[in-house]
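One letter stands for each residue in the lines below.
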Amino acid sequence: MNSSLFNAQILKPAIINSFRKLDPRQQWENPVMFITELGALITTLSLFSSRATWFEWQIALWLWFTVLFANFSEAIAEGRGKAQAESLKSSRTDIRAKRTQNGVTTEVAATELRKGDRVICAAGDVIPLDGEVVEGIATVDESAITGESAPVVRESGGDRSAVTGGTRVISDRIVVQITVEPGQGFIDRMISLVEGASRQKTPNEIALGLVLTGLTLIFIIAVGSLKFLADYSAGAAGQDLSGIVTIPVLVALLVCLIPTTIGGLLSAIGISGMDRLIQKNVIAMSGRAVEAAGNIDVLLLDKTGTITLGNRMASAFIAAPGASQEELARIAQLASLADETPEGRSIVVLAKEKFNLRSESLTPHEAMFVPFTAQTRMSGADLTNSDREIRKIRKGAADAIEKWIKSLGGVFPNEVHEAVSAVARSGGTPLVVAENERVLGIVHLKDIVKNGIRERFAELRKMGIKTMMITGDNPLTAAAIAAEAGVDDFMAETTPEDKLKRIRSEQNGGHLVAMTGDGTNDAPALAQADVGVAMNTGTQAAREAGNMIDLDSNPTKLIEIVETGKQLLMTRGSLTTFSVANDVAKYFAILPALFGILYATSGEAHGPLEYLNVMRLSSPQSAILSAVIFNALIIVALIPLALKGVRYRALPAAEVLKTNLMIYGVGGLIAPFVGIKLIDVILSIWIGA
Amino acid sequence: MTLRDFIQVLTMLIALTALAPILGRWIASVLSGERHVLHFLSRPMEGLVEKTLGRETYHRDMGARDYLSALLCFNGIGLIFLFLLQMLQDVLPLNPQQLPAPSWHLAFNSAVSFVTNTNWQSYAGEVTYSRLVQMLGFGVQNFVSAATGISVLLVITRALQAKPGSTPDASKLGNFWRDLTRSTVTVLLPLSILFSIVLVSQGVVQTFSPDQRITTLEGAEQTIPLGPAASQIAIKQLGTNGGGYFNVNSAHPLENPTPLSNFLECLAILLIPAALVFTFGNLLGRRREAWTLYGVMMFLLATGLAISLWSEFGGNPALGAQAVMEGKETRFGVANSVLWSTITSAASNGSVNAMHSSLTPLAGMVATFNMMLGEIIFGGVGSGLYGILLFVLLTVFLAGLMVGRTPEYLGRKIEAYEIKMVLIGLLAPSCAVLFFSALALVNDFGLSSLANKGPHGLSEILYAFTSAANNNGSAFAGLNANTPFYNVSLGLSMLIGRFAVIVPVIFIAGSMASKRVAPASAGTFKTDSLLFAILLISTILIVGGLTFLPALTLGPIVEHLLMLSGRTF
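Residue numbers (our numbering), protein chains in the order written: chain A, 1 to 689; chain F, 1 to 569.
If you are wondering where the hints come from, they were derived from the structure by calculation, not from laboratory data.
Treat the hints with care, as some may be off.
On the chain A side, residues computed to face chain F include the following (Cβ under 8 Å) [claimed, not checked]:
#	residue
1	Ala83
2	Ala207
3	Leu226
4	Gln239
5	Ser242
6	Gly294
7	Lys566
8	Gln567
9	Gly573
List of simulated lysine-lysine pairs, DSS-like, C-alpha gap at most 27 Å [said to hold, decoys possible]:
#	chain 1	residue 1	chain 2	residue 2
10	F	Lys453	A	Lys658
11	A	Lys82	A	Lys12
12	F	Lys453	A	Lys227
For glycine and all other residues, C-beta sits at the position ideal for the given N, C-alpha and C.
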């Protein structure tokens, strides 16, 4: 992170942009820095009107630096975003498209396409704009947006029909219906997002901005009235303070007091928050979504892929009375030979592991494979041996097999019934294996809970976030997996409508909900959720409905998204606290510098207020200058923190608060005392020399 | 400081802590319309108001805007009425002294002063206003201005009442007329009657007979001013009003005759504001919130008290005295005077039993600073609590961000709108103080009223505007405020200090009531913990301190340091 911060490619344009951003119209967006710039301007002008000292020149110089440093922080954050955008842009150069209309195909530039047009993309073609596959199936290289080199399958209908402009078709041929206007495609939006061009202030940022503006206002009045108070006091003491209570010095005091630290870094923090998400391969559609992620307190997580590894695996063979485990394993293996599903493969593998059974090779004339159908809910094979006897081997759900056995006149043993419910209770899926009318036993298919996910959920719970597992499984299975994974709640036999209903009810209870989804039927729920993360492999509808897109299509990412959101808010809060706490030390530097000689009797060098000079700063000039320099340099010093975000740990709110208060609150009180003193020492050596 | 002084101070704080929760619970129940001991007394009065206004007006639910218009309308009419009453006092009855009408600017100042619950007095009560003005004008406002404060508090309380899972409804924030009437007839009136009887028993005067001319022991002629004082004093203390019947306020033997009356009057200042903290907690069903807020207020009060006592008993090297008795009533001594000065400035009361201008610089600064914080250390009746709620919201916002969530208070998100209102409410009074002080300090019309020069003069002007803009009403003395400039500028400060806070608070209530309520979890930033109390104290001190430190430096701080080296002005 730091290496890219000091990368010359980003640094140089950032420095140039720091000066460009001096434009008052840009500064107006940020009242704290606008006032600082105005102060710098007034100070500079005052230099020309009177006999200005070297001291006043320096104040003016450092005030300008303060503004420039703040601009620099924003420019750096934008620069890092731009660097990422550059690589995306390269995928967007002059794409030609084959538009098909009424069977006639014409070649046009991608920019001439309109929403609703259909284009043909064959192997080697770049898909011109975002769209939906309406015909055919193809493998597509999406590395331009995901960075993932493995190609993905895109086909018409179903949940994998969305294609993204700028990606390349590797094999086959598809017809794509364009769903966006040129320039508004996914990649275009991403580029403008990371470049910060379409960045809008988030609700929280606006509220914080108001606090900062309010503080600025009160300090303007405090410093403005101070001039009059000082005039009165000077009159009362019969002294002349006009040598020290000058316009540049009052401006310096004002700039030191107004929250320039957080004011200068505020937009850098916002930009880098989205940036950190992009580094995690997540595109947030708005800063608002990133912020909302920090507020999430309910996570709806799909079981498959998030909590468990994608597929159920065979984990045990349980033989029926009168059959041996080995026999069961052999028959189960036979029944699964043609079954290419992961479950089927896992049965073959388990049989091989346990009993060293080689998968027998069967020739088509002796075996007829029976594929799984939704009606029979069984699969298997009909084998013909040398005696022309037909062995019907089946595996399937218990009730389906039972029906089948009974239709053949067989008996479904009670022991198997019991074993079936025992497996189901433990969260597994029982698969009954039968040969003709005889039940051989069951295969225990099991969901494998991901490593480390339990600890992750415990962390979330500590942070006050409730996790809910969503699954299509039956309640028994769901409960067992929920217990094993340590989620707080689960929804079994869930339909997309259930999801939507659940999200609404959680929201009515005051919760903020995040979920992931990829299918078209997830779209309403994604839109309803406060944070809806659409998988990049999902349908166009899902991607439009969500407010974030995960390019890796990794559902576990949701947790990281929440953490990034929290970190963003924490960084803002911590730096605000730091900025305000700094003011105490600045008062102790500047007030004695201004009024140290007030009410001094003729013999004395110092008046009573010199007592307040607790830092023992060498001279009034050096004290004021040190405070101004500290105020400017602290912005630069905190840029890495603003870009990286404060350290994030999964702890309850009270703990997090305590830690951050100690670091940024107490630290913010002490740091400037040390910093100002240090700068004063350096200055006095330098001036003295 | 003797052990006896210490015990006196401690007794006061303990008595308050014991009584406030009990009274608070009682207020919560009677304001909700429950039957109570004094029902037979208050119900007919409430019925009378109900009948006069009509059932519909008296009972319909009001949203924030409705409520605010009713409140502003009522206060506006009160202001005009009070102004006219003063201007016409020479032709109206109950004016045995034949007092003439005051100047327009004094009438404006006094009218604003009593309507805003400030009770700043640019005049000497007994020689300026007729009994009619004192009773029908000031006396009535003493009640209704305090009742207005309670009403505003009720609005914000109701806005926070909904529990998680309920449908937000911002149209039912109560009815101003009902709140105002109930606060007056069931809370303020019975307590005042009770308290005035106690005061009469201690020797406070309560009579309609004209002033007495007597011959003193030395044979000199003296006028003893009399009047219906006890009833006025009861509400002056209980309603955090502070406008004395007599010019020297509770330093006067007929206003504050005995040690017991002194103790009770002092306790009465804090009693209702402190009790309302618990009323708030009871109505919300959140006792811990109440105790947290009470703890914060008590801590700030006790700290200020300790600094003042330390400074007063440390004495003034220039006078060579052990403790400073100048400007204090010998009957009460230093401890009781300092206790009163701290409490009266903390509680937006403004009544005095010693002259604050004569306090040591630090004790004077504590009194000033107490007010500068916005009268939130118990503060005014109702206004103290809704004032500190603004600080609570600001604290929650700043600290809430640090835990990584959009800040929420009692489950309601704090967003840009609330923050805007909080800032207006917190900053407007401070701006008024600094603006007008600066104006007064560099112009002849401001400076010519000063009795003292040097830093003390600055302190006097600063104190006056601080007192006005925070609706306290106590004066530092030494400043002749009955001039067109001061009457008008102080009047404006009082209006800003009152309504620039009430308006945002009611708007916040309206907005909070329309928000979905989030249930608490481990990720929620808790506002009823020790940690929060510390944070709230820090926010209050830092925001208050940063705003006023420069001004205080050039006033009381430099004065204190000069006093230590033996210089005075």
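Tested hints:
1. With its C-beta approaching chain F no nearer than about 27 Å, alanine 83 of chain A sits outside the 8 Å limit, and its interface hint is violated.
2. A distance limit of 8 Å between C-beta atoms decides the matter here; for alanine 207 of chain A the minimum to chain F is near 4 Å, and the interface restraint holds.
3. At a threshold of 8 Å, the smallest CB-CB gap from leucine 226 of chain A to chain F is about 5 Å, leaving the interface hint in force.
4. Checking glutamine 239 of chain A against chain F by beta carbon gives a least distance of about 12 Å; that is not within 8 Å, so the hint is violated.
5. Taking 8 Å as the C-beta cut-off, the interface hint given for serine 242 of chain A is violated, the closest approach to chain F being about 14 Å.
6. Hint status for glycine 294 of chain A: holds, given a least beta-carbon distance of 5 Å to chain F, under 8 Å.
7. Evaluation of the lysine 566 of chain A hint against chain F yields a held restraint, the C-beta minimum of about 3 Å falling below 8 Å.
8. The restraint placing glutamine 567 of chain A at the interface with chain F holds, with a minimum CB-CB distance near 7 Å, inside the 8 Å limit.
9. The beta carbon of glycine 573 of chain A is positioned within 8 Å of a beta carbon in chain F (closest approach about 3 Å), and the interface hint is therefore held.
10. The hinted pair formed by lysine 453 of chain F and lysine 658 of chain A fails the criterion: a straight-line CA distance of about 47 Å is larger than 27 Å.
11. For the suggested pair lysine 82 of chain A and lysine 12 of chain A, the alpha carbons sit about 13 Å apart, so the restraint of at most 27 Å is met.
12. With a C-alpha separation of about 18 Å, the suggested pairing of lysine 453 of chain F with lysine 227 of chain A holds against the 27 Å cut-off.
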